[in-house]
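Given chain P's structure and the hints, the job is docking chain W with the ligands onto it.
Okay, here's what each chain looks like letter by letter:
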Amino acid sequence: MGRDFSVIATLFFKASSLQKKRAILTVAAIAWGTVAILMLLAFGEGLRHQMVKARRGMGQNIAVWWSGETSKVWQGLPEGRRIQARLDDLDYLRAKMPSSTGILGEMTSWQTTLTWGTTTITGRVTGANWEYGEMRHHYPQAGGRFFNANDQRDKKRVIFLGNQLAEDIFGEVNPVGEILQVASVPYLVIGVLNPKLQMGTYKGPDEMGAVIPITTFSAQWSRQWLHNVVFKVGVAEDMPRAREEFAQALSAKYRFDPADEQVTALWDTAEGGKTLAAEMRRFQIFLGIIGALTLLVGGIGVANIMYAVVKEKTREIGVQMAIGAHRSWITGPFVLQGMTYTLLGGAFGLVVAIILVLLFQLVPVEGNDAIAFLGKPTLSAEIAVSTAALLGFIGILAGYFPARRAATVDPAETLRYE
Amino acid sequence: MNWPLKKKNNGDGNSNGHIIEMLGITKVYDTGKIQVEALKGIDLVVDKGEFVAVVGPSGSGKSTLLNLVGCLDTPSGGTYMLGGEAVAGLDRDQLADVRNRRVGFVFQNFNLLPQLTALENVEMPMLFGGMGRRERRRRAKEHLDRVGLGDRVEHRPTELSGGQMQRVAIARALAMEPDIVLADEPTGNLDTGSGSDVMSLMTELWGQGRTLVVVTHDKTLASRAGRVVEIRDGVVVTDERAVA
Ligand SMILES: Nc1ncnc2c1ncn2[C@@H]1O[C@H](COP(=O)(O)OP(=O)(O)OP(=O)(O)O)[C@@H](O)[C@H]1O
Ligand SMILES: [Mg+2]
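Chains as they are written, first to last, in this note's numbering: chain P, 276 to 693; chain W, 2 to 245.
Isolated chain P (complex conformation):
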């Protein structure tokens, strides 16, 4: 073993390396393949992060239920009845849904006049329970806040604005502390939404709406019925049980078949999230395969050049065999060469990819819709490890096949003098 190693190492270092031009081409091909696979995976990773973030923009592990019409006769009651939850159902539902970690109701006024000074626009106003801030990720910008349980209990006229809506009304002025007329009733602006990426929406983007305590809404609009109910679970796995509890509780109260999906249908973001994650994973694998193919082409290039070298050196290989070289001493240096060129190319590619990723970090997101939507390319340990493994594998193959050819050289045949 020791001798094998030292012979192979010595031959590897003594063997004249490839001609410069060939070596550069080879390394460049591998480097290009590496950049391709790394950038594809990095963009995929960035996009995945962005998607996950965007999906969470609306809230994590939540389900949204609107009203529904029965489609089945139940206990003598006809089909086609409209089932709609009311404000006072929330406590009942909360009690009946132990799997859920939060439940709230929303009321909505779509075309509401909002006036500040001489500015008047119409916008969407939602009345919601105070838990909405956390459940629907309505985090305030610095200096503001979302309304709390006390505001709700006291029916305070306080309003939390979507960041886009706030800009439309107040422009450059800080809205917090200003008085906004909502359908001619004065409200104190207490917070503005921190800008967020939001993919899912059920009544328009959060940045375009305003939210007030549900009790205040109920009083001003004299309304009891809820536009929709939102409930949350701690982990996505709990969602099916929470949905079942919801259907049971609601059907018991309003007397319809709990299996009547026309009524119980809701938007389950936990489920949607799983699909999205799988979708993104598939997309990344697809990108990975394309990158791997590029790299494979580079590997074939290395192998080809190595084949040419073997062919050129046939006589030298024959001479080495004649003076006593073992087969592995002939093949070893070729395998090492294939590996070296591949790994060298890989290292160059990695450096270039890292530089590209860093350059992307410098590009401002603001005003760049493509980056705002697609995210920035991101390299992860997972990507680095799988690319390195692939490079190693291709490197071994690129050296192995030409080396195998070298091992089949027949010294008697090649040394015959023509």
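These are calculated hints, taken from the structure and not from any lab test. Predicted, not measured: the structure shown is a model, and the values here were computed from it.
Below, a list of computed lysine to any residue pairs in the SDA-like style, where the Cα atoms sit at most 25 Å apart:
#1 K289/P - E136/W
#2 K371/P - R428/P
#3 K586/P - T32/W
#4 K289/P - K142/W
#5 K289/P - G133/W
#6 K431/P - S384/P
#7 K478/P - T550/P
#8 K586/P - Q109/W
#9 K296/P - T159/W
#10 K142/W - Q109/W
#11 K371/P - A527/P
#12 K586/P - D31/W
#13 K430/P - R420/P
#14 K220/W - R691/P
#15 K586/P - I299/P
#16 K289/P - G163/W
#17 K586/P - Y30/W
#18 K142/W - T285/P
#19 K289/P - T118/W
#20 K586/P - N110/W
#21 K295/P - E121/W
#22 K295/P - L117/W
Some residues of chain W that are not near chain P, with every Cβ distance over 12 Å (derived):
#23 E22
#24 G25
#25 G33
#26 S61
#27 M82
#28 A89
#29 G90
#30 E143
#31 D146
#32 S162
#33 S195
#34 G196
#35 M200
#36 R225
#37 D240
By construction, the Cβ of each residue, glycine as well, lies at the ideal position given by its N, Cα and C atoms.
Structure of chain W with the ligands alone, referenced to chain P:
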């Protein structure tokens, strides 16, 4: 540990002192369509210290015979003992070891490794033999000195004349102190002057007690050998020892 330099048999360890013992050796080249019977039953015994010239017309099988003697190729039939050891049934790496330790090759077209210096070329068999770096250098230098190239160690083959290249090749052939030196037309590519230098070197080696088998068309070289074996059509037709 299986130290490859440790010689079980230095050629004179066996009872009869035969280095080469060939009996009924045949060689058939199978080129797919046609089969060429290059050797048709060769009996050849060479003792330690002999200088054998193999002569014969082109295509008679001289090179084929030399390749078999040097274990570069394996016979189709017959038995062959090299230094008292049967070589039949050895695998490729074992044959490589036999070539490394027992045989030194000299070729018509030198066959030096072009990217290596003279010194490195001579070192190569010792590298394969598992010798340490320092020992290799020392011995390689010594061998180059002996062939009169002590001042050319760092030259590459392209920087040497034909005669010098062949002398490097001879130094390389001697590097592992083989039982036998095989040369296939060693003067075939040389002008008369360098040719006779190489011839003198061969004769000198013989004088030092080495065993040589040399294939040659060259009457002068053949006349220097102690024994001339003539081959025609794959059989030995004459085998004459010069009377001292
Ligand atoms: N690898 C091979 N495949 C097929 N036939 C071969 C092969 N090597 C040698 N031969 C044939 O075997 C015969 C003997 O060839 P060999 O090379 O031993 O002759 P030689 O005596 O060395 O001739 P020369 O003096 O021209 O070198 C020839 O007919 C040759 O064509
Ligand atoms: Mg010949």
